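Listed in order, the protein sequences are those of chains U and L.
For the first sequence, our numbering gives the first residue as 160, with consecutive numbering after it.
For the second sequence, our numbering gives the first residue as 160, with consecutive numbering after it.
Keep in mind that the hints were calculated from the coordinates and are not lab data.
It should be emphasised that the depicted structure is a prediction, and the values quoted were computed from it without experimental measurement.
Honestly, I wouldn't trust all of these hints.
All copies of an identical chain are treated as equivalent in the list; a pair is satisfied when it fits inside any one copy or across any two copies.
[To be verified] Taking lysine-lysine and the DSS-like style, the derived pairs with C-alpha atoms no more than 25 Å apart in a straight line are:
1) Lys388 <-> Lys571
2) Lys424 <-> Lys388
3) Lys572 <-> Lys602
4) Lys571 <-> Lys417
5) Lys197 <-> Lys424
6) Lys497 <-> Lys283
7) Lys571 <-> Lys266
8) Lys262 <-> Lys587
9) Lys649 <-> Lys283
10) Lys641 <-> Lys283
11) Lys197 <-> Lys432
12) Lys432 <-> Lys283
13) Lys571 <-> Lys497
14) Lys286 <-> Lys417
15) Lys497 <-> Lys313
One-letter residues, chain by chain:
2 protein chains.
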Amino acid sequence: MLRSSPTRYDFYQGEQAAYISTLNSVWRWECQKGACQKVLITNETDDSILSLSECRLFCAESGAIWPKPTGEVSLGSYLAELNINSIDVEGAKTDSPVFALVKAAGKVFKEEIQQVIPSNVNVKGGKSLFVTVDISNPNITERSLVTDESYTLKISESSDGRLNALITAATFFGARYGLVTLSQLVIFDDIRNKLKIPRDFLVTDSPAYPYRGILLDTSRNYVTVDTIKRTLRGMGASKLNTFHWHITDSHSFPYVSKSRPELSKYGAYASNKVYSPEDVAEIIQYGKVRGIRILPEFDAPAHVGEGWQNTDLVTCFNWQPWQNYCVEPPCGQFDVTKDGVYEAIEDIYGDMIEQFQPDMFHMGGDEINFSCWNSTENIVQWMEKKGWNRTEEGFIKLWDYFQSQALEKVLKKAGKEIPIVMWTMWTKGDDSQITDLLEGGYKLILSNYDALYLDCGFAGWVTDGNNWCSPYIGWQKIYENKPATIVGTKTDQVLGSEAALWTEQADSTSIDSRLWPRSAAMAEVLWSEPSTGWAVAEQRF
Amino acid sequence: MLRSSPTRYDFYQGEQAAYISTLNSVWRWECQKGACQKVLITNETDDSILSLSECRLFCAESGAIWPKPTGEVSLGSYLAELNINSIDVEGAKTDSPVFALVKAAGKVFKEEIQQVIPSNVNVKGGKSLFVTVDISNPNITERSLVTDESYTLKISESSDGRLNALITAATFFGARYGLVTLSQLVIFDDIRNKLKIPRDFLVTDSPAYPYRGILLDTSRNYVTVDTIKRTLRGMGASKLNTFHWHITDSHSFPYVSKSRPELSKYGAYASNKVYSPEDVAEIIQYGKVRGIRILPEFDAPAHVGEGWQNTDLVTCFNWQPWQNYCVEPPCGQFDVTKDGVYEAIEDIYGDMIEQFQPDMFHMGGDEINFSCWNSTENIVQWMEKKGWNRTEEGFIKLWDYFQSQALEKVLKKAGKEIPIVMWTMWTKGDDSQITDLLEGGYKLILSNYDALYLDCGFAGWVTDGNNWCSPYIGWQKIYENKPATIVGTKTDQVLGSEAALWTEQADSTSIDSRLWPRSAAMAEVLWSEPSTGWAVAEQRF
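Extracted from the complex, chain U is given alone in its bound form:
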């Protein structure tokens, strides 16, 4: 138990006492068994008085960088003071294809560092920092699944007392991760109100999996452009690289298609709850500067409804009892026998491909309900005319009739081969269907609901009780959701994972706390492929 102890003022006198009295804290932090612990400041010298952020940097593995680097990390023992007003990021020449991107990423880097300082503190003094970005292939300005994302970062001090950070990378995308790592090394010492950075540092780093994503559904609830941008900001800081934008569904159609503007006019929740071409361009640019691909999904042939009311292309829309025709209300599915469907999706694919210039495309394809089609007179007659049985086999043929034409339209509009992503099946991490897909040679993006559906665990929304995939998934479970655990030795067929936030019960006010910090746990799983479990990562996390 605690015994009576003298106060700190009893311990010291003179100059040292005068110095200590200028500090913002009576506590310093000490690394004990891998965690920073509070210790009373008595008569220590300046060097041994560490703030919490300083202690963490040295105490946690790999300089507390998240996600943990996969290559060598070397961290000296000296922290230099950094002058927030004297930071330069340079590298690409003005005529380089990546010039604008590097410039924008440098600006973001400086903004992020500014955020490290509490708003009511005015930090003075410190050394200048000169960041040099050396990109060996400056022609790569667009992401793909084979983009080299590796980088090295070296911090050192030159003879004139200036700090130099040298980032070398094959691509802009790798170089940007160097900036992210560098930004995590800049810490605020809240005992002395100083900005600091390690004087000597070296890291070599690259990710384990090429697809590291977050899915956000903007149809069940409309999500503001600002909220999407906040999401991209968090993703950039976690080295996630794909924002899978589930932009439309049967609930609303907020996407303003240039060639089919009536869809959002009729299908948005309100006239201001839309994503205009300007909004989309802003989001794409915001993502790109942060190294994030914006992957649009136009979900079909199910998950269509609002917006299509004035066409004859959607069947089952709002049908009741909904349980007979879809997995959640409102139901809605394309009448895939109509030629108009293919004209419409060609237009929408064309708009999306023109705007997003995506290196891959998501065609949706989940939760097709055969009973809906089987209850649609027009479809029944069409199938009978074709001589197709109304058995599961027949409806799979009908679905394939849609899917092959839809694929043709995507490829036509893309004007080239482009990787196609589709939903396959509902699954948990231990489902045997995953084995079947692996044996079929497919490449997988894991989004198993038992670990990566961030909407799980809240209240019911169609009725009371809790929602279907309860309980809430803690970060620890997400951290243990490792590709190797799920697919065994076939990790080379795994492109990565994505955490999904379906928005029946989340909107712009709650999305941040649903996504973070849990998505950052997945980010480390995908980047670092850790062999250890959540407990080892907890202090850094």
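Got chain U; can you put chain L on it based on the hints?
Chain L only, in chain U's frame:
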């Protein structure tokens, strides 16, 4: 299923078409079976084209007011346009004790109305609104458990075309509820970009229970002053009246006590994570203007720890294994045999009472661990000297020794009799201990964890899995947590309820989405004592 249908442009021509083309929507809303449904605008007249907010006002019971008024509601069928720049709130004379409060509440009222208008819309024109506040007892400027919270509100149009809203109430606190109800009647018509209000309206209203609270724990995580103010804003809009501030605990001591400043100096998470006297004053004033009592809790004799390190007054602090000495780490409990404990709490009670001027006081008193005291040498010796057995009976005597002296200190510092609130026991809504308390004649504030602990259902934080009181509690369950269900006919002994947010796993970024909208469900239970269930309230909610 949907069939091909003509677009809206086919239906009409001429002036009507010109008018309709100025609207922001292709949809109008119609009340069908108690819910607003979308209907395509064709050739309707202006009057029959309702925006969603207009439809809700007429479609939902009691003008969609939340919580539902308990008295008569009369709502005409005409909506007047309101001029946002011509709203006056007057009533109390400059020499009235409530003058400043009414003025401030009027300012808040206008700010809340301004929030109804989307930030990118410029609303023009409309009628002036003159709000008269008539308070029959203007001397009451402080709340108590018997404060008359009733009000009436009448809206009418005078012959000169001005709108008049007359609020009559016994007290400022009742009158403020009139302003809240009035603010809910001001709606934004997003089809025409107009601010509107019912021209003819009358309501008589008063709450069923006098204590309607939210507990916020600011010790396990520090919560910013801005976040507390946002919470108070939501409470004011829901007619909740008590912010129970669980300001300290064993985890941190952010409260800056004027007479014991060293407690926050040693006990706050950081030097800027404190509530200074200025912060406390700001929060009290912000609450008061919104009709909210700030009820401070100084939890003792358990739940003390950080901040007391340099005293000999706390035992078991940080002891391991914590399971032996408390319910969650870090452990800490007063050594109640020390006279210094009573000097310290007298100082703290004095500071709190001086600052908060509370009409009731919360002394904590939960989760005393006898094993902690039994493992403290000093206490063991003291009890032996007294001849007290170290049995449950003996430790209850020890606890009583603390509690009676502590109570004496509160009353001494209050200088008068003051209602004391204490934690009694952990309980669910169906616990038989509640019956015992009722038969003992105690007045109860319900905060049963199975329905009112808003931190339930998230991940584990001491280890993985889910937290102890999972699953997440939906608003439906909160709505069904009615005092009468729990205490039967003895509802007169129930002062009310409070929803509790313990912050092991919530901070300023997530508190809003934990508290809202669920606390508003409790607000209606306590204000309206509804005889119907959540499904009836769902459309209004």
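Hint-by-hint comparison with the structure:
no.	hint	in the structure
1	Lys388 <-> Lys571	neither (31 Å within a copy, 55 Å between copies)
2	Lys424 <-> Lys388	within (24 Å within a copy, 38 Å between copies)
3	Lys572 <-> Lys602	within (23 Å within a copy, 72 Å between copies)
4	Lys571 <-> Lys417	within (18 Å within a copy, 74 Å between copies)
5	Lys197 <-> Lys424	between (58 Å within a copy, 13 Å between copies)
6	Lys497 <-> Lys283	neither (68 Å within a copy, 47 Å between copies)
7	Lys571 <-> Lys266	neither (38 Å within a copy, 60 Å between copies)
8	Lys262 <-> Lys587	neither (43 Å within a copy, 59 Å between copies)
9	Lys649 <-> Lys283	neither (53 Å within a copy, 64 Å between copies)
10	Lys641 <-> Lys283	neither (44 Å within a copy, 57 Å between copies)
11	Lys197 <-> Lys432	between (49 Å within a copy, 16 Å between copies)
12	Lys432 <-> Lys283	between (44 Å within a copy, 22 Å between copies)
13	Lys571 <-> Lys497	within (19 Å within a copy, 83 Å between copies)
14	Lys286 <-> Lys417	neither (51 Å within a copy, 40 Å between copies)
15	Lys497 <-> Lys313	neither (60 Å within a copy, 57 Å between copies)
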